[in-house]
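Novice: The listed protein sequences correspond, in order, to chains R and P.
Take the first sequence: its position 37, counting from 1, is numbered 37 in the working numbering, and each next residue is one higher.
Take the second sequence: its position 5, counting from 1, is numbered 1005 in the working numbering, and each next residue is one higher.
Quick caveat, the hints were computed from the structure, so don't treat them as lab data.
All C-beta atoms in this analysis are idealised placements derived from N, C-alpha and C, irrespective of residue type, glycine included.
No false leads were slipped in.
Reference excerpt, derived from the structure (chain P facing chain R, CB under 7 angstroms, subset only):
{"hint": "1", "residue": "Q1055"}
{"hint": "2", "residue": "S1081"}
{"hint": "3", "residue": "S1102"}
{"hint": "4", "residue": "D1103"}
Beta-carbon label-pair distances, calculated as ranges:
{"hint": "5", "chain 1": "R", "residue 1": "H126", "chain 2": "P", "residue 2": "R1136", "range": "15 to 25 angstroms"}
{"hint": "6", "chain 1": "P", "residue 1": "P1059", "chain 2": "R", "residue 2": "D32", "range": "42 to 52 angstroms"}
{"hint": "7", "chain 1": "R", "residue 1": "D32", "chain 2": "P", "residue 2": "A1133", "range": "44 to 54 angstroms"}
{"hint": "8", "chain 1": "P", "residue 1": "G1070", "chain 2": "R", "residue 2": "I145", "range": "53 to 63 angstroms"}
{"hint": "9", "chain 1": "R", "residue 1": "G78", "chain 2": "P", "residue 2": "E1128", "range": "54 to 64 angstroms"}
{"hint": "10", "chain 1": "P", "residue 1": "A1092", "chain 2": "R", "residue 2": "D124", "range": "21 to 31 angstroms"}
{"hint": "11", "chain 1": "R", "residue 1": "D124", "chain 2": "P", "residue 2": "Q1036", "range": "25 to 35 angstroms"}
{"hint": "12", "chain 1": "R", "residue 1": "G25", "chain 2": "P", "residue 2": "G1112", "range": "32 to 42 angstroms"}
Just so you have them, the derived chain R footprint on chain P, three or more residues with Cβ under 8 angstroms:
{"hint": "13", "segment": "1056-1062"}
{"hint": "14", "segment": "1083-1091"}
{"hint": "15", "segment": "1112-1124"}
{"hint": "16", "segment": "1132-1140"}
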Amino acid sequence: MQDNQILRDQLRGQVNGQAQHALDGYLATGADRGNFTERFSAEIQNGEGIVGYQYLHGTNRDAGDFGFEGTTNVRPRGDGTYEVTVDSGYTWNDRIDPNPQYSTDRWKSTLAEVATLGQADPYDMHITWHAPTNLVLDQNGRVVIGSGYPHD
Amino acid sequence: MRMTIVIVAVATVLAGCTALFGGDRGAEQRFARPGQPQTSPSGKFVAQADLGPEQNGVPTWVVVITERDGREVFRDNEAYSSRHGVGITWRAGTDELWVLSSDVGTSSVRPGADGNWSKEYPRPGHYEQDVPAEIRELAGR
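Whenever a hint applies, use it, and build me the whole structure from the sequences.
Specialist: Listed below in structure tokens is the structure:
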């Protein structure tokens, strides 16, 4: 999942936002550590191919959508900028279920349910990865340098 | 006796094949799709699926609700992937539209106290409570 550029592009804004929020808190209260938990929808490429990315395409809200949580640490640098480390956990939540549009899918699902003695239920998948990001922000909260996932 | 068993077995297999490959047409007819709008239980509103922008060659559908005279009361800001499948259906006996997307999940569209239609999602962790049994069954759950 970390290789997917479309997803990286969506997550970069989320990570930057958390860094900026952490810096705002630091400047307001002096607290250098924080944490966050967010849920939102994420999407990667669609297509008709038998390709993993295209098969997943979007996170499923019923399964938990996209989970983004972690901690932040702010450290002032000597030059008036701030280094913010965002240590993040990312989870792609999805559901594999019959296509409601086609009764044939529902019938196949029912048949599979019978054939497997109730084991062929729709199922959820949760793909989790962890990655730190190091950012340098100026005193206005503008990101001037970013390194680590999803920046690199 | 043996002949009766054989006949029953053959009939069962044929019925199964019909269901598997012919489909349950009655159930499919309840879903709105492009060119196949569905009128709400009260008869006052019509749900339809407009074609949205293609995503890498995959057609998408956009949910639209109009009054019977064509005046639009709701247009979804989300385009649903037809590859992954979306079922658009009125709940029986009430003007409440349900959107079942195998891709992004379940939502409902209904009018508020002010008469404006809006979309809602089940609360996280409350799928069973927030989605009626009739709709859960259509979603295969």
